[in-house]
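Protein chains: 4
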Amino acid sequence: MEIEKYQIAEYNDPVLNAHQKAFAYIASTVPNAEAIIEKLRAFQVAIPSWALGTGGTRFARFAGGGEPRNLEEKIMDIGLLHALNRSSGAISLHIPWDIPSNPANIRALAAQYGLSFDAMNSNTFQDQPGQPLSYKYGSLQHTDSATRQQAIDHNIEVINYGIELGSTSLTVWLADGSCFPGQLNFRKAFQNTLSGLQEIYKALPENWKMFVEYKAFEPNFYSTTVGDWGQSLLYANKLGEKAYTLVDLGHHLPNANIEQIVSLLLMEGKLGGFHFNDSKYGDDDLTVGSIKPYQLFLIFNELIDGMDARGMEHTTDLGWMIDASHNVKDPLEDLLQSVEAIMLAYAQALLVDRRQLAEAQKLNDVVRAQEILQQAYRTDVRPLVAEARLRDGGALMPLCIFRSSEVRKNLIRERGSVSVATGL
Amino acid sequence: MEIEKYQIAEYNDPVLNAHQKAFAYIASTVPNAEAIIEKLRAFQVAIPSWALGTGGTRFARFAGGGEPRNLEEKIMDIGLLHALNRSSGAISLHIPWDIPSNPANIRALAAQYGLSFDAMNSNTFQDQPGQPLSYKYGSLQHTDSATRQQAIDHNIEVINYGIELGSTSLTVWLADGSCFPGQLNFRKAFQNTLSGLQEIYKALPENWKMFVEYKAFEPNFYSTTVGDWGQSLLYANKLGEKAYTLVDLGHHLPNANIEQIVSLLLMEGKLGGFHFNDSKYGDDDLTVGSIKPYQLFLIFNELIDGMDARGMEHTTDLGWMIDASHNVKDPLEDLLQSVEAIMLAYAQALLVDRRQLAEAQKLNDVVRAQEILQQAYRTDVRPLVAEARLRDGGALMPLCIFRSSEVRKNLIRERGSVSVATGL
Amino acid sequence: MEIEKYQIAEYNDPVLNAHQKAFAYIASTVPNAEAIIEKLRAFQVAIPSWALGTGGTRFARFAGGGEPRNLEEKIMDIGLLHALNRSSGAISLHIPWDIPSNPANIRALAAQYGLSFDAMNSNTFQDQPGQPLSYKYGSLQHTDSATRQQAIDHNIEVINYGIELGSTSLTVWLADGSCFPGQLNFRKAFQNTLSGLQEIYKALPENWKMFVEYKAFEPNFYSTTVGDWGQSLLYANKLGEKAYTLVDLGHHLPNANIEQIVSLLLMEGKLGGFHFNDSKYGDDDLTVGSIKPYQLFLIFNELIDGMDARGMEHTTDLGWMIDASHNVKDPLEDLLQSVEAIMLAYAQALLVDRRQLAEAQKLNDVVRAQEILQQAYRTDVRPLVAEARLRDGGALMPLCIFRSSEVRKNLIRERGSVSVATGL
Amino acid sequence: MEIEKYQIAEYNDPVLNAHQKAFAYIASTVPNAEAIIEKLRAFQVAIPSWALGTGGTRFARFAGGGEPRNLEEKIMDIGLLHALNRSSGAISLHIPWDIPSNPANIRALAAQYGLSFDAMNSNTFQDQPGQPLSYKYGSLQHTDSATRQQAIDHNIEVINYGIELGSTSLTVWLADGSCFPGQLNFRKAFQNTLSGLQEIYKALPENWKMFVEYKAFEPNFYSTTVGDWGQSLLYANKLGEKAYTLVDLGHHLPNANIEQIVSLLLMEGKLGGFHFNDSKYGDDDLTVGSIKPYQLFLIFNELIDGMDARGMEHTTDLGWMIDASHNVKDPLEDLLQSVEAIMLAYAQALLVDRRQLAEAQKLNDVVRAQEILQQAYRTDVRPLVAEARLRDGGALMPLCIFRSSEVRKNLIRERGSVSVATGL
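Protein chains in written order, with our numbering: chain U, 2 to 425; chain G, 2 to 425; chain W, 2 to 425; chain E, 2 to 425.
In short, the hints are calculated from the structure, not lab data.
As the structure is a prediction and not an experimental result, all values here were calculated from the model.
One or more of the hints may lead you astray.
Derived lysine to any residue pairs resembling SDA-like cross-links, with alpha carbons at most 20 Å apart [unchecked claim]:
id, chain 1, residue 1, chain 2, residue 2
1, G, Lys189, W, Arg355
2, U, Lys22, G, Arg379
3, E, Lys22, W, Arg355
One side of the interface only, derived from the structure: several residues of chain W facing chain E at Cβ under 7 Å [claimed, not checked]:
id, residue
4, Ile164
5, Glu165
6, Gly167
7, Thr169
8, Tyr295
9, Val368
10, Gln376
11, Ala377
Using N, Cα and C, we set each Cβ at its ideal position, and we do this for glycine too.
Next up, chain U with everything else stripped away, as it sits in the complex:
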């Protein structure tokens, strides 16, 4: 199932006038519409390979149909998304769920859809069939050195797959931790994990980065061995300059001020990547922007401010990825909603008058500082984001095309109604 450029143009046609009117209006009211559009066009969010199928809750998975049955079909799905929104031009793979049997072919297929390979993800939180040693009691933290070595070897294998595909980063997320007080010696678990990460770090090619992802808790846990940004930063600093912290929005204790964490990590030069999703209670992996869109805006506000202060490139100097689960929505529709929410927050943050904000901050003019942020946030920037898509041949209304052209129906026809995406 593909959607051709001409088809998109056909779908855009009837709504083009309304869009042009809306765009003209917004362009006349904001000072920097063209500059924002250029930044929006350049901005790309990676889609994780595991987000293309229906996810599950603790108890059940209510599968939809037409899920991609292999890596090739996953790439096609992301190609479809990218054709529609022109902002999903990267894929983040997970090993062993997505082992490329023929990397060169896979790379060529992705290139065909304009997709590059973002961070590679390893998996030491599940036991694979035939795996000699179990991760029941952790992987890199394990008290048994052979189990640790197995986890190290796996990560190096993931790097090697990544090299073949043209990826340049490895995300290490560990489900290591404990369920009960007393189970772990926290310091030994940290030291074991650090040693393991150091071994993996040694295997990184020169131009690669390692992202150390943290997470406050999992259901049924008492502690996690990379639990918060402070711990992740400790690891990253001890590892070296290629190691960075990765922030996932859902991996915090209740009420955490994530935008401040982002700002401080940028200050330290140690923010490496970002996982977008949204949450109401825990790590809910809901559609980006569906619960706390203002928080998302505030985070982008800090990202832009902090990256600009260091002369970082928005597009390349951080890894941007969605990490969500889709249990009651069509996964592709959910991803379209998520990317849209990200682009809107990015556009709003680009609207913030930073000179005036700095001045208000200097004068402790709290009311004005709030007004400046809200002025940007309350602006309806949807026409800017749509215009950016349009200029790149994308859809004005991606979700509408997705539905009108009956993508899911076609996918089910092609792949069947009971396909299950690998890894789910």
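Based on these hints, arrange chains G, W and E on the given structure of chain U.
Just chains G, W and E now, with coordinates in the frame of chain U:
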């Protein structure tokens, strides 16, 4: 310090063209602009008398200047706000901080500014000078019946003041509870409190309502005796048809789904009033809409849906009040920001296409339901709210006028730089 | 695998002297040792059939060996626990995981081990093979009446199984709720759920109870349709006198005061049952007493106080059940630890001097009230609990026997190392 | 008001027999009673000077009587506590609440009671009368360099007072932060704060330590500038080897695993001090051990394990201090309860069989690891703590003597019933 209508018109003049352009644009894109404007014009939020001065944190109060020194000046301040935004046409008094020595005069003064008297608030969480019995261990929950009676008598006194001023409701917020396990017999505390509320209920005039406010916790507490909506509803049901639950946004445990609470209370016919503010961690009493504006929208979405389903009048059938604290902002500026945020959320909620939403819900079309809500929320409704103000002689940009006309400077000149609002 | 009484006696023998010394000491220091022991002996906690196998986290299940392969083996496992601790004399079944093909035989088998059948549990949170309609969008709350009817019918079927087994209560836990704002009309979801519960209620035999379990959130949720005790109580009150609220320790928002909830539900005559477990972050289903043992004590303190005040029988007038998950422990060992923690908390709560506590509360003597609770909690009541077991033929040290007699090794030999308990 | 040694002995007399029996029992059941007693005797907890009077909630302070009116009386009060429990042999002063007009005399007075001077505390969270510049918008983070300098100067002044009194550490707790998004540039606030701390650090004498205290939130806040252990550690590492992190139990987000934080800070050699209290919801500053005693034990378990691993002295290599507020209890009674709870948790942690625990951890024997911790925690160690007091001439039952000898009544007679402790 007053701002005359002609002055407001003069301030509006230079921005009128821009507003008209913006309003024309939004009016052309939403289906029901005029209907929304009429609802916005009718909607009034009460300002609590204690919100007009600088608040404090646990440790310090960093006072601003020009605070109202008495009830008359508080009314003038609210009159000023109302002149600017035309949406602050009510005042909520607190006894004993605002005892009207001459109620008839006070009532006439308020009427001059177009203000009515919203819910009266009693105070049994502080000991007043000369008060015979202490509330150290609670008021209506107290194990000593004489202390309970003193608290009952005080509430009846508050009702009597309210009658003279033309108020028709009493808000009972208790700081009753305990600091340590074992301190209270929970059931006896509940029964004592219920008995006290029943005595107060008996003193309510026919057309009055009693609002039972709940709160999950206070600093230094272990339990509160009206702790959540479930407890408040128990009291309200046992009291009778004039008793209702009052919801304050900041009075919940972390992550509570307040919009669902609101919906269920409306279903039960027992939602009576609302206290607006915003929070990051606890009961922070921050400016409305400054932290979680989407939550505010979702709450309004439920309020409108639930009130319409019962045929309730938005303007009169619930008590709407701000309850915030202003520690680092000019209180009047903060209130202007708060009212603006409320009006925007109300306007956005009025934009929701309820017929389509019901249809999407019926079909379990989760993606579309989300799109419908976001379509309304992402719309820039500021011109609608400004237009509503304009039609009532208010300011297009209330905060700008407040600053340009140097209101605070004038208030400081009139009242001094070290005035302290009564009750703070 | 069974352990005979004479074997238990043999295991007890070498530690009997030490126990007698310890028991003599504690018996000489508390005023009511014999009365407590009698209550401990009468107290029985039901084991849920799904807790006998290894549970899983979101990502993986690291199975142990020797898990019960059918209902008969589950009963044997609980029989073994009960033989050791004499406090696990009941089983709580889950349909369809434990459908008894021959109820009379099952009942006889359970009787052989001294086990009765506690609350029956229905399942409308998973789709079973061949099930006509899906619960993807909820069960009793569903917008489609046929799906609701299917869920009603299933619950009635569960009641019928229960009747055959001699159970007298049904626990209804629903995973109904929503993942996103807008997905549900909260009021309609409530009304649909209520209607469904009413249909099920009608099918209850005269002497049965229905327990309406609430839960604040699940991973990936935005709302739950029976979300807190307030909602559960609304349902229970509307249903009738056979309907009660069931409290699960892990089903609350952060920091909730569960002991107060318990107290108020008892005050209203609507507390029906209890699910024991422990948690650090969310609904972690950890071993009872492993994280917050003082909270467990405070809850028992309220249970005893509230039940005594209503003349309720501790042993029969509430349903007591463990609801935990065992991911890194041997499930049977975990259950032994859980039951021990429950018995200790119960014993400590029985030690509280209620006359003195009431007096301290009356006088607002907060320090003394705390001392009274801590005096009970700090007492080492393990010898009392061990003595209660001993008098009933149980083990002084159940966990030691379990290990020394190599129960797990034997179970693996009997059942294999890759057995998977039904339902997991 | 003082209690002489002979009086304490007289009070001990009637309960001595019972104690000896209890002590003999526990001494016969634990392997290392004498070693534990020696450690308990050496362990001293500092009492903060502000904890000797009645605290307040957000709304009211319900004062008790007989509060110390000056520094001399505060020292006497702590002397009294120390005479009773022999474990409160240090005082932690707060400037400007406790400026010693004659340091030599104050030092001599303290010595008379066997008290040393623990960490000095500065105050830049309140404006003092006559202070030139306000801390309304922060102190060390302030955008105005003169305000920052004022805060620096104040801290240096505090060091100087401390030198004269024989203290060797400075605790810096800042209420710096922001109330609203946009108010602060997080990175500039961090850099300003760091610069200020660096200036203060320069003024530290050779043998001094600086403790950088963190806190997640205050009521009415949106961010804090030293918000968590990660931030505090960043500051401490940038400052140098005399700078350490200080952990206050109440200063965390909900559900934080504080024992893990403690362990990692010890691993990094950067844990400097500890503030004891307890909490149910936020920073409640309740009596130590009154809400989560098992958490307190787990923290001590990590402290001992981590300190022993580094060869640190329990008694001297960390600063131990109570930081609580007393609103409904007699402050001195509350402090006696707090110190008792600390000593019990310390004793229980000393009971943990570390060799066996390490072995269980090595083998991933989670059940056994939990048993080992619970074995220690469930032991009634009160006779050990009492014995330690007894051997140092303290009271077997400090609270009983306090009440029997009518200390508070005497203090009220001496100081009046309306005295207010300085700083409250």
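- prompt: Which hint numbers does the structure go against, in order from smallest to largest?
  reply: As far as the earlier hints go, 3, 4, 5, 6, 7, 10, 11 are violated by this structure, in ascending order.
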